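K.L.:
Each chain, written out:
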Amino acid sequence: MDQNQSEIKVSIAEYKFAKAPSRLITVGLGSCVGTFIYDEQAKIGGLSHIMLPDSRPFVDRGLLNTAKFADLALPEMVAGLRRRVPEANLKAKIAGGANMFNFSTLSENGDVGQRNVRAVEETLSALKIPLIAEHVGGKSGRTMIADLNDFKTMVRVVNCKIVYI
Amino acid sequence: MKYTKLQLDALKEVINIGGGHAATSISKLVAKKINMDVPEVRILSYHELYTEVLADSVEVHAVISRIIGKYGGEILFVVPDGAFNKLAELMLGSPHNNEALKTSAVSELTNIISNSFLGAIGNLLAVQLQSTLPVIQDDYFGAVISSAYMALDQYDEQIMVIRNEFTYAKERLEMSLFLIPETGVIDGIVKSLGI
Chain H
1 MDQNQSEIKV SIAEYKFAKA PSRLITVGLG SCVGTFIYDE QAKIGGLSHI
51 MLPDSRPFVD RGLLNTAKFA DLALPEMVAG LRRRVPEANL KAKIAGGANM
101 FNFSTLSENG DVGQRNVRAV EETLSALKIP LIAEHVGGKS GRTMIADLND
151 FKTMVRVVNC KIVYI
Chain A
1 MKYTKLQLDA LKEVINIGGG HAATSISKLV AKKINMDVPE VRILSYHELY
51 TEVLADSVEV HAVISRIIGK YGGEILFVVP DGAFNKLAEL MLGSPHNNEA
101 LKTSAVSELT NIISNSFLGA IGNLLAVQLQ STLPVIQDDY FGAVISSAYM
151 ALDQYDEQIM VIRNEFTYAK ERLEMSLFLI PETGVIDGIV KSLGI
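Going down the list, the protein sequences come from chains H and A. Per UniProt numbering, the very first residue in the first sequence carries number 1; after that it's consecutive. Per UniProt numbering, the very first residue in the second sequence carries number 1; after that it's consecutive.
By construction, these hints were calculated from the structure, which means they are not laboratory data. Every value quoted in this text rests on a predicted model; they were computed, and no experiment measured them. Where is the CB? At the ideal position from N, CA and C, for every residue including glycine. One or more hints might be untrue.
Said to hold, decoys possible - Restraint ranges, calculated between C-beta atoms of paired labels, are given here:
id	chain 1	residue 1	chain 2	residue 2	range
1	H	Ile-162	A	Leu-92	27 to 37 Å
2	H	Phe-58	A	Asp-187	15 to 25 Å
3	A	Asn-85	H	Lys-161	22 to 32 Å
4	A	Lys-5	H	Gly-62	16 to 26 Å
5	A	Asp-187	H	Ile-162	42 to 52 Å
6	A	Glu-108	H	Leu-64	39 to 49 Å
As the list claims (entries may be wrong) - DSSO-like, lysine-lysine: derived pairs with alpha carbons at most 27 Å apart:
id	chain 1	residue 1	chain 2	residue 2
7	A	Lys-102	H	Lys-139
8	H	Lys-139	H	Lys-152
9	A	Lys-102	H	Lys-161
Bound-form chain H, shown alone (with noise of 0.2 Å):
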């Protein structure tokens, strides 16, 4: 990867788009997923950082910040890049979903890791993007890098090789 490329970075909770030849960065992926759509004739894309795989327990919280749902910012995001190339060809990547810790038992609801991942994965589907690649689970956390030149994604893992998805 070209060391002068400029680099974009996604906190938790958050998508951005770009385009070649930058790059998306999101940093600290735990249970967290990070979802990559890219188009590879305009070569645009965005990345995502949802925490939760489901909105509807929090409608009536007030104000939701889209972006942290899974079932939300895929299809806002999907929606942007569509807005921006009518015609693209979207594909997916993702990375995340760890259970950190084995913590599973934990939380009443099962391992959220887990339940990310399958929320990322239903709501593509039912957007009809396909799922190219993905490096989830595990108990170690992520870190992300989409490369919008070739959709060529780089997932670290602390103390692992880095690894291309």
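Fit chain A to the supplied structure of chain H, relying on the hints for placement.
P.N.:
Chain A alone, transformed into the frame defined by chain H:
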């Protein structure tokens, strides 16, 4: 999450007492004076936490254990690399290269801190509080802290950050202790203090 300044001050005092006891017990153990800074009790967004406390991309040694007893939650130690070696040296009496030995020393240290911290708070609130055996993981601070809150079903982007920092011989040990209460626990503590 809305608490009055008085309630937050009272909570800070509770944490101060817990942290003070923890500092004393490590001091005794290593026969050196360990101090604790005034604790931080603040409601922060993740963004503020990552800009003001520690960046989400920093790789840390995380030691986490569950709190069991009347008030549930987690106790999390976050130790950056440099501090990890310093703490291990403090425990072992001299520098070592054996990673397993260092990890076990730091784990034992945090175990002692957790239990004296919880013991002191428990005494004050007249409840039994203990921590389970810790899990150790090297990971990104962002992944650790967000997952620690979410494991307790705390999904807000605003989180209550309860944090102690320890110092040794005027040198910051850069070890932070985060107390992550289950939902409703803070209300319970505030209520039992009668404020």
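K.L.:
For every hint, state whether the structure bears it out.
P.N.:
A quick look at each hint next to the structure:
{"no.": "1", "hint": "Ile-162/H x Leu-92/A: 27 to 37 Å", "in the structure": "holds (33 Å)"}
{"no.": "2", "hint": "Phe-58/H x Asp-187/A: 15 to 25 Å", "in the structure": "holds (20 Å)"}
{"no.": "3", "hint": "Asn-85/A x Lys-161/H: 22 to 32 Å", "in the structure": "holds (24 Å)"}
{"no.": "4", "hint": "Lys-5/A x Gly-62/H: 16 to 26 Å", "in the structure": "holds (24 Å)"}
{"no.": "5", "hint": "Asp-187/A x Ile-162/H: 42 to 52 Å", "in the structure": "holds (45 Å)"}
{"no.": "6", "hint": "Glu-108/A x Leu-64/H: 39 to 49 Å", "in the structure": "holds (44 Å)"}
{"no.": "7", "hint": "Lys-102/A x Lys-139/H", "in the structure": "holds (22 Å)"}
{"no.": "8", "hint": "Lys-139/H x Lys-152/H", "in the structure": "holds (24 Å)"}
{"no.": "9", "hint": "Lys-102/A x Lys-161/H", "in the structure": "holds (23 Å)"}
Of the numbered hints listed earlier, not one is contradicted by the structure.
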